[in-house]
Amino acid sequence: MSMGRIWSLLFLAVPVLGTLLFLIGMFAQSGPLALWFPENINPLATEIDRLHDLILALIGIVFIGTSGALFWFLWKYDAASNDQAAKFVHGHHRLEIWWTIIPSIILVVLAIYQFKVYADVRINRPMLAGADGQLGTSDDQPQPPSFEVVGRQFEWRIRYAGEDQLLDTADDVIGEVNELHAPTDQRLVGSLKAADVLHSFFIPALRLKNDMIPGSRQIVWFEASKPGNYDIVCTELCGWGHYKMKGRFVVQSPADFEEYLQRLRKLQFERSYDGQSPDPLSPSGEPAESTAAMKVSSRP
Amino acid sequence: MSASGAAQWNASHAHAKSSGGMWHFLTTYVFARDHKIIGLQFLFSTLIWFFVGGMLAMAIRWQLAWPWQNMPIVGPMLFSGEGGQISPEFYTTLVTQHATVMIFFVIIPILTAAFGNYLIPLMIGAEDMAFPTLNMCSYWMMWPAFCLIGFSFFVPPYGAGAGWTSYPPLSVLTESSPGSGLAQTLWLGGVTCVGIASMMGSVNYLTTIIQMRAPGMTMMRLPMTVWAMFITAILQAFALPVLTAGAIMQMTDRLLGTGFYLPELASANNSAPAAGGGQPLLWQHLFWFYSHPAVYIMILPAMGMVSDILATFSRKPLFGYRPMVYALCIIAGLGFIVWGHHMYTSGMSPVLGITFAAATVLIAIPSAVKVFNWLGTLWGGKIQMTTALLFAVGFVSMFIIGGLSGILMASTPVDIVIHDTYYIVAHFHYVLVGAATMAIFGGIYFWYPKMFGRMMNEFWGKVHFALTFIFINGTFFPMHLLGAGNMPRRYADPYHFEMFADMLPLNRFITICALASMASQLIFALNFILSLFWGRRVGRNPWNSNTLEWAAPSPPGHLNFDFQPVVYRGPYEYGDPAGGARDFKPQTERPQDGGRQESGHA
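From first to last, the protein sequence lines are chains H and R. When we follow the numbering used here, the leftmost residue of the first sequence carries the number 8, and every step to the right adds one. When we follow the numbering used here, the leftmost residue of the second sequence carries the number 3, and every step to the right adds one.
Here chain H stands alone, though its shape is the one from the complex (with noise of 0.2 Å):
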């Protein structure tokens, strides 16, 4: 076997050891390499799991092809194992015209498929009318914001719609610091903000991300249909704590999602009827230590 042939070998492994890393990935249930998406408790988010793999098919398909057609090229006319005399050719019209064209049907058809996912998830959101009157597009119901995030300097900052359903209002219930929570099977609007730099807000579990920016709001939505513990995660570099920031996101039954609000609605009585200000509350109920930016950073 010539040189030539055991260099097309190494483009070989490309495709082979490539594919077989994601199918591992995509498969496998333990071990170092069973990484893939969390499972998805947003069934209002289910087509984006499916776009993504129809799309990693699509390129699967593309990527075994051209990496095995490298290949196998590389194999046959390497000089050194083949005699004929290359071949004097500056193109061929018709083949031009068949792959532009078939690569192009595939991927408008590709594109409109992800416009109406995109349609489906975000451009289609929830009436609101909120304090505010600000209103949006489809939907009968209106439904403004039941819960507010805010990102800061390195923690989230929770708070909830009280009994009048309205953020801003005399009512709303303080929430626990880096905790959101959430009731079952119900569409849920929330409203994103920040208090100092970028920050983006990003729960995998719910395949819902979005950036928070200072001096304005975002409305997100979903529907979480699975009780249990989830991460937030952080997602846009906001200084040396970036990596710190981690929030729980606590799905939990309607009735004991109610619950909840009564403890944080009592703890915040308490607090206001012994002349302190309402300020987040850290998990266990003590006042939340601001966490100033220009500290020393501590060890995780």
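Worth double-checking, as some hints may not be accurate.
[Claimed, not checked] Coverage of chain R stretches by chain H, computed from C-beta distances (three or more under 8 Å per stretch; other residues unrestricted):
1. 269-276
2. 312-325
3. 370-384
4. 494-506
[As the list claims (entries may be wrong)] With the C-beta cut set under 8 Å, the calculated list includes, among others, these residues of chain H facing chain R:
5. VAL69
6. LYS216
7. PRO221
What the hints contain is simulated information worked out from the structure, not anything from laboratory work. Just so you know, these numbers come straight off a predicted model, no measurement behind them. Quick reminder that beta carbons are idealized off the backbone N, C-alpha and C, glycines included.
Got chain H sorted already, so can you dock chain R onto it with the hints?
Below, chain R alone, put in the same frame as chain H:
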């Protein structure tokens, strides 16, 4: 091209010798105006910064593999203030400066300014660039940038830390992060200087290519390298002013309180509220309006060089010359209207997101056409497996991966999930390290004989290729899996999240591959340096290639050619059966049947 002809040529083009000594040395080799010297100045400077950027990457990988642990040997030297470890503040600096150095001091200058400067006049048959003094200024404008960003490493916490993307308010509010102080101002100054250098260069290249082609060198007979440099120069000329303006605005926000990017009463870490009245997203639009074309600036010249290398070593014409040219133009054109795909989750209007998604998906079409044409060039060839060819094929292999993963990101709903995760890191490292860097190495092995009159060692070149190819794939392919697992970017320690805790073994594997790939570059460095003195001497055209630079001496003297080049055909006439024993026809060789011009088969 007879000896007397050459002498006559030299005599008619002789320049009065300067008085010699220090002045001559300074104006020839330091403040050089010869495009070849300037090209080599850029080459050496950028290769040194390549080492610096690589070391920064090794530090990042160390932290992700052994978080918060003392780096052996160098740790106490570099991080004495933190007990030999990387601090969280310094981690943000590492990710910022690694990207800044690699993009602005390595990939863009090496492709456009090192190869562009060296090759363009030679490939079009010109004596030099249109504006030699401007060319000299464009190299020396890099030095203020080198000094500003270099100096920022010594300002605690040792550099700017707002990401190479420098998003406000983090980058503008000095109290929001230790890295947002003086270091960030220096960073902005450095980026502005680099932008000015780039704009000077682009004006030069455009004028030279349009105005100074040799007789017979029509646009459709240009080598793909020159077409690529031409289109890239258009990208630089139109996109850079926006970044430069935006960066100046960020500087005035920081120093003069202009508030372009700050909302009302902006404050971080209990700082005094700024007047504000601006919009953080404005920076993102201005920044990405340049930085998306920038990524095409970083790939188009590589594509052009790979086309030339593949045709030369397949010994057959480039498949589809005209479609390849059109594809370059369409990629560049579309590249101007897709910048919003970096901002899908930014809170901008989702309807706007749709328009960007449409344009982004469309870019896949000319990119695919190019890949098919490269495959078509290899098909049916008589492939000589030289080091340069291996790197060019490595480019194609890795561009396929990087380009295809981009389709996932183009799709807005999927991007919502994978934005700012390692999926994105995998994608851009495949196109930048996998593709652009492979092409850079291929270009160096290919054009080294022209630059220095000696060959690099082919055996060690192939060793370098094998190790680099294996370890680069080992470093970046697993990052797709990390991204699927939603591991975020720019995290000093993701493992304290339960959902990321299992990623440590794979991250360690990646780090080991990264360290190995960095170590392999030592072979390249030694080969490069030692071949300068002991490489095998070669003549004008060691590769039997067609383009004009191979008709000049190796290395070319002042004014490049010792005859007047006249072009009779396109650049890829390899393997013509009517050519007899020789399987190539240089562009500047007279046709056999005296005078009848061969039309290019474009």
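Right, here's what the structure says about each hint:
1. 269-276: holds (count 4)
2. 312-325: holds (count 10)
3. 370-384: As far as the segment 370-384 of chain R goes, the hint holds, because 12 residues have Cβ atoms under 8 Å from chain H.
4. 494-506: holds (count 9)
5. VAL69: Where the cut-off is 8 Å and the nearest Cβ of chain R is about 6 Å from H/VAL69, the hint holds.
6. LYS216: 5 Å, holds
7. PRO221: OK, holds: H/PRO221 within 8 Å of chain R, min 5 Å.
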